[in-house]
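Peer 1: This is what each chain is made of:
There are 2 protein chains.
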Amino acid sequence: MKNALCLSVCLWLAACGHALGAESQESAPVECEQWGVGEIVLDGPRDGNPFVDVELAADFTDRQNKRLHVPGFYDGDGRYVIRFSPPTPGEWKYRTSSNTPALHDRTGAVAAAPAKEGNHGPVVVKNGFHFAYADGTPYRPIGTTCYAWTSQPEALEEETLQTLAASPFNKLRMCVFPKRYKWNENEPQLYAYEGKAPNQWDFTRFNPEFFQHLERRIVELQKLGIEADVILLHPYDEGHWGFDQMSDEADDRYLRYIVARLAPYRNVWWSLANEYDFMLEKQESDWDRMIAVVDQTDPYDRLTSIHNGRVLYNHTNPRLTHASIQNGSAAEEAGRAVLYRDAYRKPILFDEIKYEGNIPSRWGNLSAEEMVHRFWECIVAGTYPGHGECYLSDDDVLWWAKGGKLKGESPARIKFLTEILETAPEQGLEPIDKWQYPNIVGKPGEYYLVYLGKESPSEWKFSLPRYELKEGEQFRVEVLDTWNMTITPVAEPFTIRQESEYLFVDKDGRSVPLPGKPWQALQITKIGSPQ
Amino acid sequence: MKNALCLSVCLWLAACGHALGAESQESAPVECEQWGVGEIVLDGPRDGNPFVDVELAADFTDRQNKRLHVPGFYDGDGRYVIRFSPPTPGEWKYRTSSNTPALHDRTGAVAAAPAKEGNHGPVVVKNGFHFAYADGTPYRPIGTTCYAWTSQPEALEEETLQTLAASPFNKLRMCVFPKRYKWNENEPQLYAYEGKAPNQWDFTRFNPEFFQHLERRIVELQKLGIEADVILLHPYDEGHWGFDQMSDEADDRYLRYIVARLAPYRNVWWSLANEYDFMLEKQESDWDRMIAVVDQTDPYDRLTSIHNGRVLYNHTNPRLTHASIQNGSAAEEAGRAVLYRDAYRKPILFDEIKYEGNIPSRWGNLSAEEMVHRFWECIVAGTYPGHGECYLSDDDVLWWAKGGKLKGESPARIKFLTEILETAPEQGLEPIDKWQYPNIVGKPGEYYLVYLGKESPSEWKFSLPRYELKEGEQFRVEVLDTWNMTITPVAEPFTIRQESEYLFVDKDGRSVPLPGKPWQALQITKIGSPQ
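Protein chains in written order, with my numbering: chain A, 1 to 531; chain B, 1001 to 1531.
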């Protein structure tokens, strides 16, 4: 946590030491980085049940009078913490409020230095259907999933981090609670609550050690440039621990607690649930309520979504920043994938498009070719796909659940795709003529990606939808073999003329020669305009 | 209007004749049919501007104290009308309210006889994604479009009605205002406002004759069993009349007036607009407002939708009863079409899937085969398609705009499809395994329609998704040639066994023989269970 967590100043005050408390207001400000984490640590009561008895928050105000109301939390051992992530550099003064006199009306400041190199801030929605870091750097989510990787033995968790470090993925879907499912029968090292495994829990008393571990892993992902898409609830419990069947009160208390702890980490996203509709004890109104609890607790407005089983949540809910969709079928073809953009008017993340692997379940045995194909279909639809992998293993370590090593052939090809995207226009790729040419995405007049998928043509007639085009403009074409990861430039540029109301073609009617194999794409870039 | 409009009792009262008014309360009740129209006609002021000066409504109450607040309207010549459509038979007492003493506090009754044969009531949403008439009779919308048919010369309008009578269509999209567009340059016979064509209108004074004509046409459609999907606003004006650029106040006044007049006709649906987003003077918030005006004015909650150009409206708006979608691309393939069901959780009507025809515009030159294909794709997606036709004609009478005669080859095939649907389960056809087999719809365990589209297989391996199936059950199969309109039964029934976690197949592995041609479908019906 060295780089990410800033110097935390602990104000060791006697619970009733008011004079000392006043003196402490003069102490040096907590120092941290913009979008980093500054911690205010206060000493408070250990008796009763501090998790439910004590309320604590602080109002932070900068010199422009921007104000954030930041929830605190009990971290055990009389330690009360307010974790603050300054959205702008400069001094942020705070004043606490609490129902406990020792924690009430404490003041101080957090001094936020400008963000250092590599700290681009949190990811936010940009240009309607895309994302960027807060400093404007483009962010193109290309994620994977290791649901229960933080519930594994230390060595396996470390291996997962090493694998991720060498992978193309910049987002990870991960559950807070452990997972009970086929190939997932081990107990975790730590539990979120005080009590006795497997199912005697005191849902009013959290286990700070569990959350400290989770936080450490999230910060390690942050160092790797990976967004943690934190799945707050999930149905994979099978009546074992009961974390999927807590009362409304317990759910809300849990959400407020975890949001207070995790929201300050700039790489945290909230995924209310995986397959929310498979948690049969909850109604849709419960999810509406819980989404509101997260939204109201989180001072930073971290990206928020909810992932479906068979029933899509209503992603038009304005508290949701993007649509997180499980639908392998929609990712099979851009003409399907693109439709969700119109329906939700938000970034579309296909967080589950089935898995590369070899398990018997039909959702877990895509070929690597099919997985890569779906990635490209989603990208040319102006949406973002998510990877997953389910290869059977003697040690029951399947990437999808526990992490470990990636065994499949798709990640290398996904890396090739991400490299293409890194050179594409920053604002994100948009469908050019959404209901007419579902396989063309780009920036009209400037840049096009054309994906030919399972077809094996020996040529592609150069033609582009009319938008932002003028006769005489010149385009460079590169043929991308998305499976063999090659980029082959076409020697001669193409000069366009208008052929019809809708299309521009090469002035001499030229086509792009192709190798007659599947998985080809074209990258078309404007290189010149007529004099 | 003989059958549809009931005996209307005109209470010819002096504007200030209070005693006479009281006496009139004793007059015989207005008689009509359940779901028919009973008219209360009152004499009132002719001076000033009755369209804006006079407010009039009546509260109707039945013997169970069900209450409806029904708006009245000025019909010209001192004639004030309250048009009431009783949702249940029996006596409905009314009391008027008005800002004009002569029209205020008038009482009386409408006596509603039970609905006669052929009167099934208005169409309402049923089973989430489907429709039925109010009496429970299934209604499967198979519509067509003649945008400006009521703005044509009498003879052409009559011809359109004759064509419709012989067609398979039970819904018609039609504009209130005339249309200005290619092949649509004639002035209408009547205008909705007082003033001078083409663009000097008094938007505070309606022309009752225009609305009387429109109502007559709607009632004629009703007699043919055709729902009138009334398009309240549209962008096809080209600066000619200005009906697309009225002020908010004028729009709202118009909506309240037309809803007061038309809502009582049981075959009226409200389509707020065609291509709403092409009316560039209006913001989306204007549409929200206008949808609310219609909803609040209409005592009968007629079906309500709004149709898009390029930007889909947010059909999750609870005031909208169904999604009215223009998207030819989505109708090309069931795996696309089905996605809107999840997003909107309402009936999905593809009210525009491009047109059979031969005009140069790419939206107006589908082959008949492609139109029929799209109909089947929509149907097997659990959605409803809409027909349209654009064949060039020396007289500029294209069905799409003016009506007249149907020239295409798709309507006969659409009739074949509707006959299949009439024998299918009443509750509507549902996708069986929505994201896995987009070409299978039906009622799990009982009835299946499988559409094979452009493929030309010589056999189809009998296999059905597992839901509601048991080993040993027997199914009859019929091969439907959707283009040649033939139904060919397979002689031997199929007996099923479970082959995998997901599928049942024929116990002997039999396939259904097919003719190796495109446009084939299979109708599979359970005929027996194991003893």
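Hints are computed from structural coordinates only; laboratory data are not their basis. We treat Cβ as the ideally placed atom computed from N, Cα and C, and that holds for glycine. Take these hints with a grain of salt, some might be off.
What the hints assert, rightly or not - Calculated pairs, DSS-like style, for lysine-lysine (alpha carbon to alpha carbon, straight line, at most 30 Å):
#, chain 1, residue 1, chain 2, residue 2
1, A, Lys182, B, Lys1470
2, A, Lys346, B, Lys1346
3, A, Lys461, B, Lys1454
4, B, Lys1470, B, Lys1415
5, A, Lys415, A, Lys470
6, A, Lys346, A, Lys182
7, A, Lys93, A, Lys116
8, A, Lys517, A, Lys407
9, A, Lys223, A, Lys126
10, B, Lys1454, A, Lys454
11, A, Lys454, B, Lys1461
12, B, Lys1415, B, Lys1517
13, A, Lys454, B, Lys1182
14, A, Lys517, B, Lys1346
15, A, Lys470, B, Lys1182
16, B, Lys1454, A, Lys517
17, A, Lys346, A, Lys526
18, A, Lys443, A, Lys517
Stated by the list, open to error - DEER-style ranges, computed between Cβ atoms:
#, chain 1, residue 1, chain 2, residue 2, range
19, A, Gln498, B, Glu1185, 41 to 49 Å
20, B, Glu1499, A, Gly195, 53 to 61 Å
21, A, Arg216, B, Arg1345, 26 to 34 Å
22, B, Glu1499, A, Glu492, 50 to 58 Å
Peer 1: Given the hinted pair Lys454 of chain A and Lys1182 of chain B, is their alpha-carbon gap at most 30 Å?
Peer 2: 40 Å, violated
Peer 1: Could you tell me whether the CB distance from Arg216 of chain A to Arg1345 of chain B stays inside 26 to 34 Å?
Peer 2: Cβ of Arg216 of chain A to Cβ of Arg1345 of chain B: about 41 Å, so the range 26 to 34 Å is violated.
Peer 1: Please work out if Lys517 of chain A and Lys1346 of chain B have their alpha carbons no farther apart than 30 Å.
Peer 2: 42 Å, violated
Peer 1: Keeping to a limit of 30 Å between CA atoms, is the pair of Lys454 of chain A and Lys1461 of chain B held or broken?
Peer 2: 24 Å, holds
Peer 1: For Lys415 of chain A and Lys470 of chain A, compute the direct alpha-carbon distance and say whether it is at most 30 Å.
Peer 2: 34 Å, violated
Peer 1: Tell me if the straight-line CA distance from Lys443 of chain A to Lys517 of chain A falls inside 30 Å.
Peer 2: 27 Å, holds
Peer 1: Holds or violated: Lys346 of chain A with Lys1346 of chain B, Cα cutoff 30 Å?
Peer 2: 21 Å, holds
Peer 1: Would you say the C-beta atoms of Gln498 of chain A and Glu1185 of chain B sit inside 41 to 49 Å of each other?
Peer 2: 27 Å, violated
Peer 1: Taken at face value, is the distance from the CA of Lys1182 of chain B to the CA of Lys470 of chain A at most 30 Å?
Peer 2: 26 Å, holds
Peer 1: Next pair to validate is Lys517 of chain A with Lys407 of chain A; report whether the Cα-Cα distance is within 30 Å.
Peer 2: OK: Lys517 of chain A and Lys407 of chain A at ~25 Å, within 30 Å.
Peer 1: Take the C-alpha atoms of Lys182 of chain A and Lys1470 of chain B, compute the straight-line distance between them, and say whether it is at most 30 Å.
Peer 2: Judged against 30 Å, a Cα distance of about 26 Å means the pair holds.
Peer 1: Take a quick look at whether Lys1470 of chain B and Lys1415 of chain B sit within 30 Å of each other, Cα to Cα.
Peer 2: This hinted pair is violated, its Cα atoms lying about 34 Å apart.
Of the numbered hints given earlier, the model fails hints 4, 5, 6, 13, 14, 19, 20 and 21; all others are met.
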